[in-house]
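Residue numbers (the working numbering), protein chains in the order written: chain A, 1 to 189; chain B, 190 to 569.
No lab work stands behind these hints, which were simulated from the structure alone. Because the structure is a prediction, the values reported are computed rather than measured. All clues given are correct.
Facing chain B, from chain A, some residues (calculated, C-beta under 10 Å):
(1) R31
(2) F41
(3) Q63
(4) L71
(5) F170
Beta carbons are placed, not taken as given, at the ideal position from N, Cα and C, and that holds for glycine.
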Amino acid sequence: MGAIVTNQASDAGDQVAGSQSDELLMLEFQRGSREAFDELFARYRQPLYGFFRRRLSTPDRAQDLAQETFLAVIRATERYQPRALVRTYFYGIALKLLASERRKRTTSPLAAEPRITTEPDEALWLQQALARLEEREREILMLREYEHLSYDEIATLLHLPVNTVRSRLFRARVALKNQLEPVPNPREA
Amino acid sequence: MSTKHFIEAEELMAYLDGELPAERTSATAAHVEQCPDCQRLATEFHGVAQRLATWEIEPGSVKMTPAMTAGLDKKPRRLHVPLWAWAAAATVLVVMAIAPQFKQQPPTDKLTSYLQFSAEQSSAPRQASQPVHEAFNASRAAAPRATRLVGAVKPMIARSAHLTLQAKDVDKVRNGIDEVLKRHNGYLGELNSSAPPGEARSFDATLRFPSDQFEAAFAELKKLGRVEAESQSGEEVTQQYVDLDARLTNARNSEHRLTDILRERTGRLADVLSVETEIERVRGEIESMDAEKKALTTRIDFANVTVKVVEDYKAQLHLAPDSVSTRFRNAAVEGYRSMIEELVGALTLALSWGPSLLLWCAVLFFPARLIWKKWLRFHA
Chain A
1 MGAIVTNQAS DAGDQVAGSQ SDELLMLEFQ RGSREAFDEL FARYRQPLYG FFRRRLSTPD
61 RAQDLAQETF LAVIRATERY QPRALVRTYF YGIALKLLAS ERRKRTTSPL AAEPRITTEP
121 DEALWLQQAL ARLEEREREI LMLREYEHLS YDEIATLLHL PVNTVRSRLF RARVALKNQL
181 EPVPNPREA
Chain B
190 MSTKHFIEAE ELMAYLDGEL PAERTSATAA HVEQCPDCQR LATEFHGVAQ RLATWEIEPG
250 SVKMTPAMTA GLDKKPRRLH VPLWAWAAAA TVLVVMAIAP QFKQQPPTDK LTSYLQFSAE
310 QSSAPRQASQ PVHEAFNASR AAAPRATRLV GAVKPMIARS AHLTLQAKDV DKVRNGIDEV
370 LKRHNGYLGE LNSSAPPGEA RSFDATLRFP SDQFEAAFAE LKKLGRVEAE SQSGEEVTQQ
430 YVDLDARLTN ARNSEHRLTD ILRERTGRLA DVLSVETEIE RVRGEIESMD AEKKALTTRI
490 DFANVTVKVV EDYKAQLHLA PDSVSTRFRN AAVEGYRSMI EELVGALTLA LSWGPSLLLW
550 CAVLFFPARL IWKKWLRFHA
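This is chain B alone, in the form it adopts within the complex (with noise of 0.2 Å):
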């Protein structure tokens, strides 16, 4: 390849590897699609890849051993529950434990025990076929609402940010934007592009950074064009975390101590199938708030960015003409609606003010006839 070439043998394969820079990307693409050397190189570096593919490795039996599933096993699981929440869970364990009319009940039925028990502990009065769900809901009213120890929490903030940039091209800002997603860890998760014509074409997109990667990542995305607008927020959501957490971590125990009464399910089959429907409801709660506990996860771990690019409006020059027939039938169009246009407007003058000259005709017609016969008899 000549030394004088626009771009280097190195640049082209950068190129074919996806790997240039934004802003020789478009003029790389360009040279290539003219330059015969450099489709020549392509060609030659798609062989070298095509016969290094060639080399298949056969599937492995890699499986999980024993030491890995020890580690995994051994590995403390971190369930960020405060201790303040173990604490209201041991009291409320500690209260069903010494409770004198648990301890009283003859142990042949352990579920209506519970529900006794349960109903007992809520301010509700006792009753002897109360529904499950009634004496527990009656029971976590009873138990101590947790504090909230926020302060020994670290503060978790969700962070979002929307900035607005006028550029000369969408499409290098697009490569901008894709470069930084890959240069810091971050993803697409929606792009919105219009290109209506006689207007400026313009893009959204709604980009994740990791937290840490934010500031960082924001910092490039601002250099890709002209800041017409930028804006940062970080909402604390500690507290919201950390309730949800306890709320989880009660929800959970709730199935646990519903799943030992169903298991010994020496009450009668109403209370039996009570237990159930409870169980299924707590379930279908813990599942909602484990979503719900993932979603504020993915907004703590990742800041949410928008970004609105607009390009700098090129109008369009139209080097063909409309037709000489079509002009005739756009101007005999304009030529009919002007005339509807004036007859309608005529008409309508003379609806909003006939009525009132009519009137006045009328009034001072008789004077006016008067007045033209002295005249005349004045001159005769």
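Chain A extracted, bound-state conformation (with noise of 0.2 Å):
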């Protein structure tokens, strides 16, 4: 007996805004639509806040700096072209904001207290391990493991080769999984 399979996704155009694309959505946004933004706001605001907790000390600035990035895509979507996708485009602009936020102060590269959810020894020496890892690797591996971008995107936002940035993030695990491994006890050996 042969199979038969249909696969049918709902039409964009028919969607109500919760279900549109973040593409039609900063589309409709350009075009003055205040709904879109909305949406898009509630799409972005915890990821964003996310990425900037994950790399800052303090989770008011955190705060901050995802606030500035949305009124950063405000200010610019005059100039907005869908070129790549709209995550990348929000992350582009928190990378830069980060940048910046850097050469300002001294703040050390992992700083955010992480939520204790497993033993608070686990979660200190995970973050340590990250902080560890080369900086550019460490950005790879985040942007990869927390904001989920795809290889063109990291690269993308990074101005890098594909290549490199899968060479990058295999050294990147490849540390981290050994920097996670207890060191044996000699007593115990």
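Given two chains presented individually in distinct reference frames, assemble the corresponding complex, making use of the accompanying hints.
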């Protein structure tokens, strides 16, 4: 018996704002739709906050920079062109703001106190292991694992070839794996 | 891991991330299933990802700031309303404002005044209790039809294309299509696949790409298989869009005017109810036109590509023969069918030729009998 499979995604033109793609919402916002911006704001405020929170020391500053990201999007609407995903665009602005923030302050690369969901030592250990990675490799790893960007998107954001992103991501994961492995106790050996 | 391993560790990582090129995915997947080294490494990568995921961030309280709100309010709202539409609306308002009959009316019943004014604006005879919607339609009919200065607006094209491909493996083409969609910010609208027994597998897909990515994406899709047929078309919808925009603007203006009338509520109850009915009708029109405009915008912003992919047919070798009893049964059924067919055929033949044969036998019987008797007498 032959198999007939039908898979139909909803037409974007028939969807309500809550399920439209980011790209369509951005185009509508560019045409003046306030509702489209509100939807984008709702979708990205927590991810952008998480982005800054993992890289800065205080939640207040992370909140400020997330808001500044949205403000920059509003100001740059006229110049926006849909060359890349909206997600990439937002994180591109966020990276620039982060770089500017780091130039102004001498903050440690990772200073967020992690939320305690497991043992506190585990979370602190993870943070310290990440801090020991090379800066570029750490940024690529975090963009992949926390912001869930693709290799292409990371390459676009960091102005790197895709193969470079791939090899640095691999080195970061291997280095982190080695950092997280417990050092055998000489007494137990 | 051995340096002579089939795939590099980096490649394995890219495969686990879903970032491996389509042409390597199947081979890598098949290898990983068999290779304990790769499975171990995959488990390690997975473990690292799980450890990273334990770092959760508390929910933030990012809110809209006054600066953001000010930026949104200050931002000019681009309504795409051509100048001639504003001129037409201004003309109607000026005519309404300076009409002598309108000025001479006592200011006690604005609703009735509006009805009378609207009726006078149209060519229809004035009726004191003319329903609002009739007066309104009359006033709209009297308003100058907006001319279409399509040349002043950038051309809007709704692009579509069709592609038929022949390929050795539809799964690879499917993966290739996913890659093209990802690279060019497109999305899958619909997918229907079929694999009937004894025939080649195939699928039909409807893809949508941003208009500026269409050419590049289409070129990449053509490389996924052997092109059997392709076609492209572009429908200019500028006039349709401009017209729709103008109608939407007029409808919104009408809604505002009716809302103002309703707010004042100085007319009779019947007239007020008429205005409410008219408002509802106009709002329905606005919603319908809004939806039509959004659909049109999507057609302009996203090119529609339908792709049909057919796999080269590979005949299946059935190694397991049918059982003897099944073969006997099939032969018996076939034999019975043949017998019935032949009986029916013979009967049909008899029925179709029988009457004619009987007739000629009857006609020729006596001459034949005479000839036979003479022959017997001659030889006796």
